[in-house]
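Asker: Protein chains in written order, with this note's numbering: chain A, 13 to 298; chain B, 3 to 320; chain C, 238 to 472.
Be aware that a few hints might be false.
No farther apart than 30 Å at their CA atoms in a straight line, the calculated lysine-lysine pairs in the BS3-like style are these [claimed, not checked]: (1) 42/A / 366/C; (2) 168/A / 293/C; (3) 280/B / 42/A; (4) 169/A / 42/A; (5) 168/A / 99/B; (6) 314/C / 168/A; (7) 324/C / 42/A; (8) 280/B / 250/B; (9) 433/C / 42/A; (10) 178/B / 42/A; (11) 314/C / 169/A.
If you want a taste of the chain A side facing chain B, the calculated C-beta under 8 Å gives, among others [said to hold, decoys possible]: (12) 116; (13) 123; (14) 124; (15) 139; (16) 142; (17) 272; (18) 284.
Here are some, though not all, of the chain C residues that point toward chain A, as calculated from beta-carbon distances under 7 Å [to be verified]: (19) 298; (20) 301; (21) 305; (22) 306; (23) 309; (24) 310; (25) 319; (26) 327; (27) 329; (28) 330; (29) 334; (30) 338; (31) 342; (32) 451.
By construction, these hints were calculated from the structure, which means they are not laboratory data. Beta carbons are placed, not taken as given, at the ideal position from N, Cα and C, and that holds for glycine.
As a plain string of letters, each chain reads:
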Amino acid sequence: MLQLIANGIIFGSIIALGAIGLTMVYGILKFANFAHGDTMSLGAYLALLFLSLQVPFPIAVVLAIAVSIAVAILIDHYLYRFFRTTGPIILLIASVGVALFLRNVILLFWGPDLTYYSRAIHLDFEVIPGISMNSYEIGIIIVTAALIVLVHLFLKKTRIGKAMRASSDNMDLAEVVGIDTRRVIIWTWSVGTALAVFGGIMLGLENGLRPPMGWQLLLPLFAAAILGGIGQPYGAMVGGLIIGIAQEVSTGFISTAYKPAVAFIIMILVLLIRPQGIFGGSKRWI
Amino acid sequence: MDLSGLFSYFVFFLVIVSVYGLLSLGLNIQWGYTKLFNIGIAGFFAVGAYTSAILTTPPAMDRVGGFNMPFLPALVIAVLLSGFIAFLIGIPTLKLKEDYLAIATIGIAETIRLFFNNEAWLANGVRGVSGIPRPFQHYITFNYNLFYLLLMVVFVIGVYLAIEKALKSPWGRVLKAIGEDETVTQAMGKNIIRYKMESLVLGSMIMGMAGSLYAHFIQFISPEVFVPMSATFLVWVMLIAGGSGSNKGALLGALVIWGLWSLTDLITNVVPVDYAVKAGAFRVIAIAIFLEVILLVRPQGILGEKSVMKAAKKQEQE
Amino acid sequence: MAILEVEDLVSGYSEVMILNGVSIHCGDNEIVSIIGPNGAGKSTLMKSIFGLISVKQGSVAFDGRSIIGMRPNQLVKLGMSYVPQEKNVFPSLTVEENLQMGAFIRNDDLTGSMDRVFELFPFIADKRKSVSGTLSGGGRQMLALGRALMLEPRLLLLDEPSAGLAPLVRDEIFEKVMEIQQSGVAILMVEQNAKKALGMSDRGYVLVMGKNRYEDTGEALLANPEVGRLYLGGA
Chain A
13 MLQLIANGII FGSIIALGAI GLTMVYGILK FANFAHGDTM SLGAYLALLF LSLQVPFPIA
73 VVLAIAVSIA VAILIDHYLY RFFRTTGPII LLIASVGVAL FLRNVILLFW GPDLTYYSRA
133 IHLDFEVIPG ISMNSYEIGI IIVTAALIVL VHLFLKKTRI GKAMRASSDN MDLAEVVGID
193 TRRVIIWTWS VGTALAVFGG IMLGLENGLR PPMGWQLLLP LFAAAILGGI GQPYGAMVGG
253 LIIGIAQEVS TGFISTAYKP AVAFIIMILV LLIRPQGIFG GSKRWI
Chain B
3 MDLSGLFSYF VFFLVIVSVY GLLSLGLNIQ WGYTKLFNIG IAGFFAVGAY TSAILTTPPA
63 MDRVGGFNMP FLPALVIAVL LSGFIAFLIG IPTLKLKEDY LAIATIGIAE TIRLFFNNEA
123 WLANGVRGVS GIPRPFQHYI TFNYNLFYLL LMVVFVIGVY LAIEKALKSP WGRVLKAIGE
183 DETVTQAMGK NIIRYKMESL VLGSMIMGMA GSLYAHFIQF ISPEVFVPMS ATFLVWVMLI
243 AGGSGSNKGA LLGALVIWGL WSLTDLITNV VPVDYAVKAG AFRVIAIAIF LEVILLVRPQ
303 GILGEKSVMK AAKKQEQE
Chain C
238 MAILEVEDLV SGYSEVMILN GVSIHCGDNE IVSIIGPNGA GKSTLMKSIF GLISVKQGSV
298 AFDGRSIIGM RPNQLVKLGM SYVPQEKNVF PSLTVEENLQ MGAFIRNDDL TGSMDRVFEL
358 FPFIADKRKS VSGTLSGGGR QMLALGRALM LEPRLLLLDE PSAGLAPLVR DEIFEKVMEI
418 QQSGVAILMV EQNAKKALGM SDRGYVLVMG KNRYEDTGEA LLANPEVGRL YLGGA
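If we strip away everything but chain A, and leave its shape as in the complex, we get:
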């Protein structure tokens, strides 16, 4: 049981990183981005590409993030931008198209088979009695914690971070008071994509890489975002951990194949009981 919870924290960290970006895009650009999971896959595969070019791992991560951000901003500029006035559903449909596009581009270049960043085997060792992890997994938890602190500082302390919160509150007013909303949008894609790529690479480290890896994470991502109150990064962090733990603990009782269904059922329960999410209500972004 303890081990399942620990696994849940690892998996939950990955979900949280994805869900933060998803919820930010929802808060500021006001649409459910169905391509977010595939952005995670894209980042993971780009890291694989740079690693295969003998680039050291940290630099491969940075390059993967940079290229993914560029892709996200280009898609926004050439596609989503034109739908901002037509309402959230057209954006949603467009993002489903983008999701398929990204996934199949990955399939085209890297093929359908499971691949790994490295063939090296990392042995589990007992971190505390009853919980075993390998060095990757400890790294995932530490990096996620660090990123969450960074996101917090970014949103609370920087001018653009505050402007993002302001835009999430009221985009029209942000425009009126003289905030450069185009810059806010670029930053939103950048931060959301960077976190997604981190999440994607971690997922690749933990489970290996397959083209549908991110798409299959979409349901847990939405469940985490809705559980935390959609539009709220802090909620998404907590939501991610809860969904991750719930999914892993469920494997103690039912088939592991039902993990996505567990996320879905939690999501439906939240929608029934408290649709604004656990942190929803007037105090957004707090």
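Place chains B and C on chain A using the hints.
Answerer: Just chains B and C, lined up with the frame of chain A:
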């Protein structure tokens, strides 16, 4: 391919087009008129197909059913069950913002697929159900596929006429009004949630019907058939390309898009096996780009009505 | 010299024009009020001046320079701020953060500007760390005004600054508006509360059906029997 081969390919092609036509008509009720974003078409399609499969097959050792039930009663049950599941989904989501329905429907579609995938006792799991009987087979002395095509045409025309008639009724006018301006309709004192629920359930029932008819034609179903790409996304592209809000557009979209999809499939089959996966990926990329181009260039589709807003915008530019 | 000059302005939404040739101006350090019945296009006028609604015809000049087609973040740089009617604070941000957003285009230290705002509005100074969503209606209006002053504008556009406020709070807001004007800021204001607005204004316009029908000093408009009968609620 000789002439008769071409003919039977064409008949087969049109049967599949009719199945997609039904899915597209069902989605048009939900999205085209009421702006309900159902992205779980595959789920309702699967429920219809599996219900019919389980009910009509002869008894099997290793799974539930079959019940040897005749075609029509099984079809009715399949349709009702699809509607019932749509009803359950509607309860938590319809009163919320539109995107929640999208997320919930894709969730239910995935859950249904996982369920059939893993619960082998129910429908044989990944191996699927085979030997689904062909309706009225003993009475048909000519080309059975041709008969099935006629049967499909009867269903498609029946559904089409029923929808058209329903949409001209006061009930249908309210549905259209919700799609055009929800707040105004609400202000008119209409119970929006109830109408949306009816639209969701009705559309999903038609999707279930499509599933049942598909199962009886192909005679074999497995969870693989109900992946989001072929069963959900293509239908969306069909409706958007054909013109959401137009039933003729929904049918035309099914024909055109399935035509394009089959054409690219022929190309995929020609290339060496090593490239088949890549060609398949390329095909999806092409259809995804196609969708985005339609959204950008002709969002109302081939036959879609221009909404009032768009007409106004046009005028503004002139 | 006029800081703002609007000439023959035609604008509206898609096919419906709401303004059909409005001409107004606002001098340096003047308070100008625009009154008129509901639906006359008062708010549309403000939004059109501030570039939120595209202008079909006519000219809008700030400081002698055309500002048509400019985005708000360019206009605030020129020295013009706009306070919309409602939902005019960011509810999840603190009072201080709201003020910082008013000076988004500035990179330097904001302490000086912020202190001046807090001096003018001691009420919100006490709540600088509170989340602005918890402020009262009056508090929010003060915060919105304060935020608009963060870039030390030369012209302030106010859309119904007293809307939804209790009479006592309303008077306080109007006093603050006078104080802002005395510090050297020109003010163009749309108001429902016409008598009060004209009473404190140098000049006023009566906007009817998308056109300015009357133009005079505030006092003269108040004294005009026709204006009084039609637009100031009774004789």
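Asker: Output the indices of the hints that this structure fails to meet, ascending.
Answerer: Hint check: 2, 3, 8, 9, 15, 16, 19, 20, 21, 22 and 32 fail, others pass.
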